[in-house]
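**Student:** Given next are the chains, with one letter for each unit.
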Amino acid sequence: MSVFIIFILISMIVSRIFYLTILKNTHYSTLSQTNRVKIIPTPPIRGLIYSRDGVILAENKSTFSLIVIPEKINNINETIAKLKKIILIEDSDIEKFKKSLNKKRKFEKITLRLKLSKEEVARFSVNRHRYPGVDVVARLNRYYPLGEKLVHAIGYVARIDDENVKSINKSNYSGTTHIGKLGIEKYYESLLHGHVGYQQVEVNAQGRVIRVLEKVAPKPGENIHLTIDLSLQQIAIDELKNKRGAIVAMDPKNGDVLALVSSPGYDPNKFVNGIDAKSYDLLLASKDKPLINRAIQGKYPPGSTFKPFMGLVGLENGTRNNTDESWCPGWFTLKGNKHQYRDWKKQGHGHTDLHKAIMESCDVYFYTLAYDLGIDRIYEGMSRFGFGQKTGIDIGGEKQALMPSRRWKREVLGEAWFPGETLILGIGQGYALVTPLQLAKAMATFANRGHIIRPRLVSGTSNSITNEAHDLPNHSKNKIVLSNSAYWNDVIRSMKDVVHDVRGTAWFSGKDAEYNFAGKTGTAQVIGIAQDENYKKEEIAEEFQDHALFIGFAPVEAPRIVIAIIVENGGGGSKVAAPIARKMFDDFMKKKDPITKG
Amino acid sequence: MEEQNLGQRLHIDFPLFFGILALSILGLVVIYSAGGQDIELVYKQSIKLVIALAGMIIIAQLSPAKIARWSFVLYVTGLILLIMVIFYGDVGKGAQRWLDLKMFRFQPSELMKLTVPMMVAYYLANKILPPTISKVLMVCFLIILPVLLIAKQPDLGTALLVAAAGFSVLFIAGLSWRLVAVIGALGAAVAPLLWSFMHSYQKRRVLTFLNPENDPLGAGYHTIQSKIAIGSGGFYGKGWLNGTQSHLEFLPERSTDFIFAVFCEEFGMLGVLFLLCIYLFIILRGLYIAINAQHNFGRLLASGLTLTFFVYIFVNMGMVTGQLPIVGIPLPLVSHGGTSMVTLTIGFGIIMSIHTHRRFLSSKT
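Protein sequence lines, in the order shown, are assigned to chains A and B.
Counting in the numbering used here, the final residue of the first sequence is number 660, and the numbers go up one at a time with none missing.
Counting in the numbering used here, the final residue of the second sequence is number 394, and the numbers go up one at a time with none missing.
Pulled out of the complex, with its shape left as it was, chain B reads as follows (with noise of 0.2 angstroms):
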């Protein structure tokens, strides 16, 4: 047996840790800005940093076989959940998403942002790639499914995630040009059906999205807002706790939604730079792991749980700065909240336990 170092012996990649740490901090820090100054704000979310940090690790001590072997299973759970959540879930805020456990209460679709991308592995891990137009479209039918329910609920924001998931575990596993294209025709019939499925607000806000001054009491006065911010902040940005935009409170979702608007107007380009960097950081260390991994499904799951981790950046940034519509997705490890960032953090769990346990599998070959 090899002798392991320090982090495989603890199952943490440590570059991954600290990257992931250090943006977090940043997060706090803005969050402390953007929140009013509330330290209390602060704290409590420190906790769910904490707690998040806690859940990364204990995932990591799991082997990539085991977590291979329950994504069947997830995946079924998930979708029973969701179908119970039409059935029994609660209402809040005009959409049917969380089901009441009695202790707490639960989001199902939040789980299928890992379960759809492990499944999709998982089916993809044992067959030729690149696979056939027939596994293409089966691994379609286990994205689609899933994300129909969720859109049903309504949560666009989170259906879009979950097939972005899915669908960057497809496109690392290796996708002719020519399949591409068939998806994004497939992308565009379903698009009505989506659209069908929105709810009124939804609906305006991809309308306002094209328009924002249309709208100039509701959704547009969000992009509009943002883009002063983003614009005012310059090269340097206006000093952290400075940025009027925010502190005036005409910036909405100040916390978690619209906190990269936060940033560039207190940090201005030269802070989204260093936030850009410490990102790509991230992303070529999942890459650098995913390359490096010694089966199938570690490797398809784990570049497509980074890919994913992309998109969310990605969608954020580009809602905020008004390229893409507004579409609820909160900034990965910076903006306020728990639930988002507990999802991410296991991601990056199994993508840490991808790369931790890897020499028990080669000293079996």
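The shape of chain A in the complex, shown without the other chains (with noise of 0.2 angstroms):
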């Protein structure tokens, strides 16, 4: 049986083949010898970014490159001779130009020269009649007009390598060149690329064009409309000039970003045709490491900064109401331990309660407090805020950071959770690591009075032909629910006063406000000091100094804006990171309406 099968089945190929090769052999034929199609891809043109303003931030420059078509040339060395007196050639690009020259055929275009000046596409236009089977063409190039400015938000594209091309659709990127490889550009890679078009041509024996018989346009790519205020942007980026930080601004309302800045920057147009292994090398080596993106990645202690969002855990717990005090004489033991956790303030607050432990920082509140409520109840409390877990927003390589629990130490460290880790917790201090943005979010939640929102960088899109726009809604879901809402105002009222009354950590940076705002300073130790030593900025290198933070939002009836500050080895956070969110608050309060959406 299994023969009569095999009979069958083979029978039924070589009737397929007599069909092709006989019946239909006059129109196979055709197709072969005078009809011969090929198909030639027209890549899409990638999508613009754009700021919030409408500031371009992203766009295709034509660079110019000098080609050669073989075929219409009788002596190559000769012509190439004959272009080096108008044009740079090096011995380099000969050298490419040979190489291909023996590849391609002699009516393809082999390019000798990329990126010509303006000078010398001038020049070369002038004299192009003396260079038969020579010609300067143009291609678009990713180029980005702001340069470092906004690498860590935008990222860059570059050449499309190995990994790429197993993700990618092979045929909808037949033709281009280049891909999104960080940032906004890899996030909203699908958007920005667009849709292939292709051009049947016939050809003839020899592959030569002779005709185009159809022609599908390419769907160019989505413009993308960032959330970025770039006045917003420069003033954060002049205040971390030569220093190492970042700073988030966002609109609590809808999660729009108005400025990241991770300091320092790079050039993402060093990367879009492949940067030289020594420029790369220098990047990679700098100690500033400035291909870190300290908004989303960098991981830091949050210091005093956590201290608000402690009071609100021990309200809400009950621990703690508006008028309990605590005794700081300027440090604190833990029974049967003579270890002393000190207070910033060496001589003490004294009587203190949650509001002017607030406005004055008071770390020994804080430890009482943190002892109070445990380890667990601080987790649980600290996390609703977003502590530990990555913030969603609409760019990769994000960091969760780490909010440290009793299960945390017992899996990593395989160990048990000690009473005195609960007390430096609770000034921000110990295992608990926080990124800029991340302290944005949480500050956005307390603005908000609860509503937690996603931080975004992308608020719409539009179609590079029609124009047509098209908003990203950014609702808020979840929301921290308190027994009483009032505590909300409770601890605003007290970051109102750090910034506002003369007592504060800050009062100087809200000094002659046209308006109220909230804030809280930080600054984290980066090592520990001994017992009995004091510290002294002169005598320590910086790179072990105290990083400077600040977190803050204004209006405080309506907030509009929320800031995170993080100046690494910058000093104390009041010093130098409030400073600069006075500033940002004051540009930004100027403006009379945000351009909110969504």
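Don't read these hints as lab results, they were simulated from the structure.
Everything numeric in this text was worked out from a predicted model, so none of it was measured.
Beta carbons: idealized from backbone N, C-alpha and C, even for Gly.
Everything hinted at is true.
Okay, derived cross-link-like pairs now, SDA-like style, lysine to any residue, Cα gap no bigger than 20 angstroms in a straight line:
1) LYS232/B with ASN231/A
2) LYS86/A with TYR265/B
3) LYS232/B with TYR235/A
4) LYS228/A with GLY357/B
5) LYS228/A with LYS181/B
6) LYS158/A with ASP338/A
7) LYS123/A with ASN203/A
8) LYS86/A with GLY347/B
9) LYS86/A with LEU299/B
10) LYS228/A with PRO183/B
11) LYS86/A with THR273/B
12) LYS86/A with GLY351/B
13) LYS86/A with LEU302/B
14) LYS232/B with ILE230/A
15) LYS232/A with PRO183/B
16) LYS168/A with THR273/B
17) LYS86/A with PHE264/B
Ranges between beta-carbon positions, derived for each pair:
18) VAL65/A with PHE116/B: 40 to 48 angstroms
19) ALA220/B with SER545/A: 53 to 61 angstroms
20) LYS160/A with VAL102/B: 56 to 64 angstroms
21) SER163/B with VAL65/A: 26 to 34 angstroms
22) LEU150/A with TYR265/B: 51 to 59 angstroms
23) LYS228/A with PHE101/B: 35 to 43 angstroms
24) ILE70/A with ALA218/B: 22 to 30 angstroms
25) SER162/A with LEU91/B: 48 to 56 angstroms
Just so you have them, the derived chain A footprint on chain B, three or more residues with Cβ under 8 angstroms:
26) 253-267
27) 295-306
28) 346-352
Combine both chains into one complex, guided by the hints.
**Tutor:** Structure below.
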């Protein structure tokens, strides 16, 4: 029986081939001989990226290259020698040219030099008639006019590599040379890229194009509109000049990220056509680590910026009420233990309630509060603000940092949790680590009195042909509901007095402001100080000096902007970070009505 | 002891050997043309051919009894290797099918093309044939387990071939039509499961097969160009080295999966008939050996392997002529490439062993 089946199947093949070769022979012969159809892909034009105010941040710029068509030239070496008189041609260019000369057909264009200057293009155009078979062609190249100012938000495109090849739709990328590698360019690749078009062309027996039969135009990529406010971004950049640090500003209502700066930055344009090894090594080896996006990847001890959140957790759990006081002599000890947990103010704050504790940043109040709450309730309460979790911003590479718990310590460090660790967690030291963006998101939750909003960098897209705009909504879905919603304003009042009361740690930053804002300073210790030592800035190497932090929002009554600032090894938060926030608030509050979307 | 002829002393079946040799040499001739007249390519392929033939002869020296004994061990080893591939495998071309053994990279799924039919034949050899339903279900389980593991890699082409190899043996063992219907229904049930295992590129291939003009830049292009190549060849073909479709680089995968299109374009219908005659000769010889085998294991395995060989041919030709979806199966013994050739020749080595060791067995009985 199997022989029978084999014969049936073979006769199927034979009849099919008979059908193709004999019955349809004339049809296919025509197709093959006179109608040699080739399909040439036309890559789509990549969508542009705009700032909130419509400034172009990523564009496609024409670059010109010099090309040669070998069959139209009698003596190639002579032509190159003549070209050298008006255009700079390096030996390496000639070497590359000779290599592709052997590979390609005589009628195909071969590049002799890339990236001609405007002068060179002009000089060649005037003399073109003297160089038959040589021409200048334009190619589109991704260009970031603001360079390093927005690199940590936008990222960059670069040549498609082997890794990319695996994941892309090959026919849609035939003809495309570049792909988003980082940031917005990567996250929104599918929108920015567009859809490939193609030309059906007829070629003769040598493969030369005779005529175009059919053309399907490519569909260009969507333009993308960022939430970034350039003037705010610029202030943040200026303030972090020659420093390491990060600033994130966002609109608490819709999560629009108004500024996202990580300092230092680097020039994304260098990466577009492949960065040279030497420059890349310099970037990698730099002590300032410019390639790290500190705003979403930098993990810092939150320091005293943790205190408003701790205070709220204390109120919500009933561990403290507004009038409960702690006695602060300048230090705190656990029963049966000699170790002194110190307050930053040596002589102490005296009788301290929550309002004073936040306003003056009293450490002892929060040591006792943390001790009374215990690690489990702290972990539970702080996690609700998103500490130790990714914020979900629309660029990749975000770090989740760390909100420690008993369980985490047992699983990762293999140790039990010690009470002393709870104490220092109360003032944002110890294991806790946050990213600047996490701080901003948590602050926004506060400003919103509980509404949690996902930070985002893109507010909408627009069609590059019709300009038809398409907004992306970003609604707050989750909310922290307190047993008494007055707790929010209790803590916010204290944060307001941090900057508006003369006793506040950053009172001079709030002086003469035309609006009310709220904030909290932080000074995060990088190294431990021994029991009998004092912290002396002059004696400590820069990399071990404290990080300066500030979080805050304005105006207090109807918040429009939230800011989180970290200046690495900058010193005190009130001295270094708070004034930056004031400048940014001032700039933003000047603008009458914010262009909010979503 | 009866006198033995040369073939039996060397354990080589000469009709099969010369059929394979003729096919491979024909393959070299086509590869030279398809590969852009690159003699280097032909040289490399010849070395692989010599290695493959040597492997065949070495395997033929083993007695069928030994092969039967090793079936179970090889099958289990193959399964373990397949599972290892999922965890430690190298990723090549978007699929995880290679195992890096330091010295060389190795595709366990290739091994399964032989061990699955061996295992099935071994399992059924001492059972009463035709097998009962429960036996059939057991065999189905033995086949489907590795097939799913291979499909997961994902390597749909190989998964189908392994399934074909296993079911060929089962088919030979004797199946009532009712059972065939049951298996058909089972296959229909597994199909959606397979679909969910498939990578997007494989799904696209199947969809494109249904309508090639949908994706003229991608997979549909393969089918369109290969049909033009075959159809323009006519009865006598355009002549060796004269195929325009292949030499102007219209045809993709010219020296591997789509070599049959090059062959058709240059040698025409006449050439195809000649090629099919050689294939048919090898298949018939394989079935002859199977019929004359003196034990169930040999009979089942020889015919199963022969049928699998035929499935290769049928699927490749069907794909190139646009009757079957593109699944990436080379034309056996003609296409460029070493791995599939070695698997095939080892299969033939086993068939030769079954044929040439029969006297030792018969002298026992």
